[in-house]
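Q: Residues per chain, in single letters:
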Amino acid sequence: MPQSAEQVLQQEYLLARAKILELAATLDRIQRAEGQVEQHPQMQLLQKGFQILTSDSRDRAEQVQLLFSRQYASDWRKTFGV
Amino acid sequence: MYFVDPHIHMVSRTTDDYETLAKMGCVALSEPAFWAGFDRGSVESFRDYFRQLTEFEPKRAAQYGIQHFTWLCINAKEAENVSLSREVIAMIPEFLDKPNVLGIGEIGLNKNTRNEATIFLEHVDLAVRHQQQILIHTPHLEDKYQGTRMILDMLLQDSRVQPERVLVDHVEEHTIGHVLDKGFWAGMTLYPVTKCTPQRAADMIEKYGPERLMANSAGDWGPSKPTAVPDLILELRRRGHSEKNIRRVVYENPLRFFSQSSRFTFKPPE
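Going line by line, the protein sequences match chains Z and V. Numbering that gives the first Met the number 0 puts the first sequence at residues 0 to 81. Numbering that gives the first Met the number 0 puts the second sequence at residues 0 to 269.
Treat the hints as calculated values from the structure; they're not laboratory data. Every value quoted in this text rests on a predicted model; they were computed, and no experiment measured them. Heads up, a few of these hints could be off.
As the list claims (entries may be wrong) - Going by beta-carbon spacing under 8 Å, a handful of chain Z positions derived as facing chain V:
#1 Gln2
#2 Phe49
#3 Leu65
#4 Arg69
#5 Tyr71
#6 Val81
Each residue gets a CB set at the ideal place from its N, CA and C atoms; glycine is no exception.
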């Protein structure tokens with residue numbers, strides 16, 4: 000029998016809390032260190048990733064994967080000559 | 000529950016791992032040819048490696064009651080060296096009649112370069128000419144989506160390729176749909192940090208169903224667990240999946256896929 004949303008939440012809650020804590024600590028660590036990275040492309044990717052997490056989308060995992068992926072061009076074989 | 004690990008590099012693991020696998024219920028595994036951890040210098044080093052895969056590893060596995068099968072190729076990382084790659088591809092047919100050889104693999108792309116694509120196409124041609132199944136490596140991290148789409152383009156644009164005889168491995172959330180939609184088999188690799196977790200693999204099974212889907216540990220040089228498939232079994236049980244459905248993914252599907260190879264002779268446990 001498939002689990003209910005309540006059951007999934009109860010099972011995953013502590014793990015999700017731990018992962019949020021890790022991310023929070025990572026951001027604190029970056030901020031404590033010397034220098035500014037707000038405009039760094041990787042920092043901006045992370046910020047976009049956080050936005051996906053807090054969106055209403057049903058395929059957040061796929062969207063995060065695509066966010067951190069190189070673009071695909073359908074004419075690549077012509078470009079490579081293969 | 001008995002299971003088959005369809006993608007694990009035992010050459011890089013100690014014999015203790017065979018013991019652990021056997022204790023956990025592994026009855027068969029398939030080991031694609033891969034990178035040595037450094038770039039090999041000559042075709043003779045590949046010949047020795049293929050001997051290791053076809054002679055030594057099956058004996059090591061048999062000590063623990065595990066049936067060992069293998070795939071042959073020059074991997075995507077080393078495919079940048081086109082001349083060496085062509086020497087290896089020319090040598091592979093010497094080993095295709097070995098009892099545990101299932102086909103050509105794990106071929107694929109690494110950084111999605113022209114040389115890698117060239118050698119990938121030559122491997123596919125070899126496989127087709129010798130009626131071999133194909134096991135595909137898709138790139139990691141930011142290269143995965145682009146590389147998977149390129150690999151599928153090359154496979155689909157060769158009318159001799161039969162998708163049902165090809166396993167595209169290391170699929171994740173953004174590539175699995177593309178692979179399954181085109182009729183290929185899809186492998187989910189349960190590997191910490193850089194690939195997929197048992198939880199996300201279970202999510203994909205729930206979203207796409209068990210048809211043409213497998214899971215593997217891809218135990219190799221990096222931090223990886225030979226017990227990854229049992230971890231998935233545990234996760235699926237935790238979610239209330241039936242033993243029948245779990246067995247389909249971790250046991251029946253690999254056997255069904257491998258049974259398309261003329262060399263596959265599997266003795267099921269009694």
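Q: If a hint holds in the structure, say so; if it doesn't, say that too.
A: Structure-based check of each hint:
{"no.": "1", "hint": "Gln2", "in the structure": "6 Å, holds"}
{"no.": "2", "hint": "Phe49", "in the structure": "18 Å, violated"}
{"no.": "3", "hint": "Leu65", "in the structure": "5 Å, holds"}
{"no.": "4", "hint": "Arg69", "in the structure": "4 Å, holds"}
{"no.": "5", "hint": "Tyr71", "in the structure": "4 Å, holds"}
{"no.": "6", "hint": "Val81", "in the structure": "5 Å, holds"}
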